[in-house]
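Chemist: In order, the protein sequence lines correspond to chains W and X.
So in my numbering, spot 282 of the first sequence is number 282, and the numbers just go up one at a time.
So in my numbering, spot 323 of the second sequence is number 794, and the numbers just go up one at a time.
Honestly, the hints are just simulated from the structure, not real lab data.
Every residue gets a Cβ at the ideal spot worked out from N, C-alpha and C, and that includes glycine.
Treat the hints loosely; a few may be bogus.
[As the list claims (entries may be wrong)] Restraint-style ranges between C-beta atoms, simulated for each label pair:
id, chain 1, residue 1, chain 2, residue 2, range
1, W, Val355, X, Ile898, 43 to 49 Å
2, X, Arg780, W, Thr305, 31 to 37 Å
3, X, Glu754, W, Ser307, 48 to 54 Å
4, W, Leu303, X, Glu568, 36 to 42 Å
[Said to hold, decoys possible] Chain X side only, calculated, beta carbon under 10 Å to chain W, not exhaustive:
id, residue
5, Arg574
6, Gln586
7, Leu638
8, Val753
9, Glu784
10, Leu788
11, Ala790
12, Lys793
13, Pro814
14, Thr816
15, Glu831
16, Leu834
17, Phe900
18, Thr907
19, Arg910
Number of protein chains: 2
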Amino acid sequence: MKTLARELKAILGQAGVIDDPTRLVPYESDGLALYATRPELVLLPRDTDQAARAMAVLARHGTPVVARGAGTGLAGGATPVENGVLISTARMRDILEVDPEDRFARVQAGVVNTQLSEVCRGHGLMYAPDPSSQMACTIGGNVANNSGGPHCFKYGATSRHVLGLVLVTHAGEVIDLSGPWVDPQGLDLVGLFVGSEGTFGLATEVTVKLVPRPPVVEVLLAIFTELEAACDAVSEIIAARLQPSALEILDRLTIEAVEQSVFAAGYPKEAEAVLLIELEGVETEVSGSQQEISAILNKHGVLSTRSARDASERRDLWAGRKGAFGAMGRIAPDLYVADAVVPRTKLRALVRRTVEICRERNLKLANVFHAGDGNLHPNICYDRRDPDEVRRVLEAGRLILETCVEAGGSLTGEHGVGLEKREEMEIAFAPEDLETMCRVRDAWDPDRRMNPGKLLPMRACMELRTPSPRA
Amino acid sequence: MKTLARELKAILGQAGVIDDPTRLVPYESDGLALYATRPELVLLPRDTDQAARAMAVLARHGTPVVARGAGTGLAGGATPVENGVLISTARMRDILEVDPEDRFARVQAGVVNTQLSEVCRGHGLMYAPDPSSQMACTIGGNVANNSGGPHCFKYGATSRHVLGLVLVTHAGEVIDLSGPWVDPQGLDLVGLFVGSEGTFGLATEVTVKLVPRPPVVEVLLAIFTELEAACDAVSEIIAARLQPSALEILDRLTIEAVEQSVFAAGYPKEAEAVLLIELEGVETEVSGSQQEISAILNKHGVLSTRSARDASERRDLWAGRKGAFGAMGRIAPDLYVADAVVPRTKLRALVRRTVEICRERNLKLANVFHAGDGNLHPNICYDRRDPDEVRRVLEAGRLILETCVEAGGSLTGEHGVGLEKREEMEIAFAPEDLETMCRVRDAWDPDRRMNPGKLLPMRACMELRTPSPRA
């Protein structure tokens with residue numbers, strides 16, 4: 001490892017290689033604190049060229065490599081591996097190009113999500129995907145996980161917004177697919193790479209689509225005395241073909257946590273659910289939709305509705321939602337955020353089942369969810385120092401996922417599979433599906449050194465037959 | 472081949488295997504008539520099970536396989552190969568499931584594009600991608616080519632609408648990825664398969680997203696006396712952040728052809744360009760956009776504008792566009808349809824360059840294009856019995872593609888690469904990009920029996936180094 005560090009310092013400089021054990025500690029985990037492994041080294045390349053040269057050295061040494069953006073991931077995708085190095089994109093923060101006419105931007109992978117939208121604001125444009133962690137998380141991390149966010153109900157997740165990539169392969173080769181193509185041509189390698197969770201290689205530059213900021217944005221905040229009524233209102237809004245840009249629900253325990261925190265939003269005591277609805281578009285469209293939605297909310301017994309049109313009032317209404325995860329720190333020291341997606345028509349039934357699963361195990365459950373997408377985020381609040389509680393949390397997590405997949409849902413809406421749901425992939429996929437995924441992964445990284453042990457279940461890859469000989 | 476035919480008839484029945492040479496003739500080409508090869512057999516499975524059993528037999532015999540939908544493709548993707556069989560989806564036309572609540576449909580691969588939208592009409596839903604050949608082309612063919620159409624400016628091409636697939640691999644294994652997932656989980660095999668042009672395996676069932684039909688649809692038809700003015704109007708409509716659902720331009724020669732055909736639309740004699748604009752949405756939104764667009768059209772010297780709101784009038788305005796390809800048969804017996812995409816801001820300059828390239832070679836060029844997407848369709852009208860003209864057509868086609876790629880465009884917007892643009896992939900991609908594509912393809916079909924010789928340039932695949940040994 002000493003020789004390796006020396007070789008890498010020659011490429012990245014002293015400041016580009018962390019080998020001091022105490023400075024390695026913050027890199028042991030990502031947002032899924034249940035898992036921790038100390039990396040041998042942390043590398044901080046400044047650009048594609050440095051990253052490629054470093055990767056070539058790592059290939060020569062046969063060293064496993066894990067990439068890390070801001071480490072805000074919730075599924076352990078950036079957890080280091082034994083005897084491996086971590087490549088952080090923290091020094092790759094340049095916005096390389098903004099083209100307001102053709103509406104794209106080319107950025108280094110370490111650019112922070114909100115930073116990009118801020119830079120484009122003057123052109124009346126924005127980068128649409130907005131994960132809750134958008135103040136910290138990076139575009140490269142978003143690419144790895146195909147990240148979502150509240151506004152992805154309207155705009156689609158990251159894969160809909162990535163036009164091009166510059167990649168460094170396991171061997172240190174550079175693949176330049178950065179052209180902002182309107183349409184993919186040939187095999188869609190860019191689309192395939194998005195969501196591959198670092199198992200194919202390292203993305204160093206990302207070309208993204210920018211979208212126009214809407215002329216009018218209105219936020220409605222509706223208070224319900226029953227969670228089910230809020231779910232039903234969401235189903236009816238969608239059935240009526242209204243197209244809000246976001247539909248978010250917070251449940252009782254989340255509301256309590258928010259009210260006790262600095263994000264206190266003044267929700268009434270009897271609130272069992274808060275439904276946040278954002279509408280975008282031209283003036284008349286927003287007003288028209290607003291009226292139709294109000295009628296639906298009333299039909300489902302809404303207690304009260306507030307609305308906001310100016311930026312600062314909108315921020316107030318969103319504050320409770322955006323601060324929800326932070327506020328849950330008041331309930332218990334640790335938080336397990338599940339990420340299942342269910343058909344929107346089954347939202348009500350599956351939220352209820354989730355509540356039961358946690359109640360049966362005496363677990364504190366706070367629900368915050370992207371209701372429009374059917375993306376549940378059951379947040380189980382727990383204390384990782386209590387081994388029995390940890391066991392019950394993991395059991396409930398698995399049961400919730402199984403229930404959602406059985407109902408026609410997905411294992412993950414936006415957090416990725418990572419370490420956390422690797423084995424659960426066997427619930428969602430048949431062996432031949434997983435085998436095909438392993439083959440595709442091997443096409444990129446035949447030595448399996450890139451983020452090993454993530455995304456795909458161990459068994460499926462171990463059992464993969466060797467490919468048939470070429471004709 | 473006789474043994475093979477006998478084995479296949481045992482699975483597919485007499486009617487499921489065509490081996491009579493005269494009945495094989497119609498299958499020699501797809502829409503790119505420049506290339507023709509007679510298949511040894513044509514297979515017509517009825518479902519996934521029959522297709523899988525047939526594919527297993529073909530694997531045992533080592534027979535190359537080409538899949539064919541309706542054969543309307545324009546890039547030779549369904550051209551048979553020497554000593555190979557063709558699998559047609561013509562008997563796989565069942566709509567298996569329509570779920571209006573969760574807004575998806577599950578269909579056999581041979582279902583015709585418009586048939587699906589017709590079936591969903593009663594639910595107020597539609598399948599959005601609408602290739603010009605939509606009366607004939609199949610959903611399976613659309614998947615292979617990631618097909619587009621006029622409305623893909625708003626809705627995105629096929630890949631945005633495919634939620635799941637059932638696939639038969641080269642070996643006859645079935646991979647069921649048909650769950651209508653809101654979000655991809657694990658590696659996005661479905662997204663990767665879309666646009667793989669039959670080189671990965673055979674899609675037998677497709678799960679697609681359905682979208683709500685808009686409440687109001689208005690079509691504007693604007694006549695210009697200069698093609699450049701129409702291009703400029705399109706650029707300004709987009710820059711103004713208006714979002715029409717379609718923006719189509721027809722040029723002079725196209726207009727002449729249309730006017731002489733059964734699709735005659737009554738365009739004035741002095742028309743040098745026709746711009747079709749479709750607006751969708753709620754009433755107030757459509758009216759508002761209409762006013763803003765009229766102002767832009769006037770600014771660019773529009774000669775006249777007609778508009779239509781009811782279905783039959785709209786159909787009249789669209790008739791010229793939809794009939795354009797057919798009408799060109801009046802200009803010359805053969806038509807070479809290029810399919811390059813350019814950045815929308817360079818539309819005007821590249822249209823002009825395209826016109827020059829054809830004029831220099833004394834070729835008749837008719838332009839019909841998805842202007843909103845920057846998707847040029849230069850249609851070169853020629854006679855394939857004239858070898859020198861054929862040579863000039865191919866030269867012009869290649870030069871147009873090179874020019875567009877140089878300007879930051881793509882080789883293909885919606886027709887795919889097929890046979891036609893296989894070698895041109897080397898213009899757009901570096902050797903390491905193509906090598907990665909070959910590796911990914913080999914992960915699906917290590918024997919390279921599925922649609923061999925299509926999509927990827929021969930050289931790149933031949934030169935592919937053997938994968939490094941697994942660690």
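Chemist: Would you list, in rising numerical order, the hints stated earlier that this structure does not obey?
Modeler: Checked against the structure, the hints that fail are numbers 1, 3, 6, 9, 10, 11, 12, 15 and 16, while the rest are satisfied.
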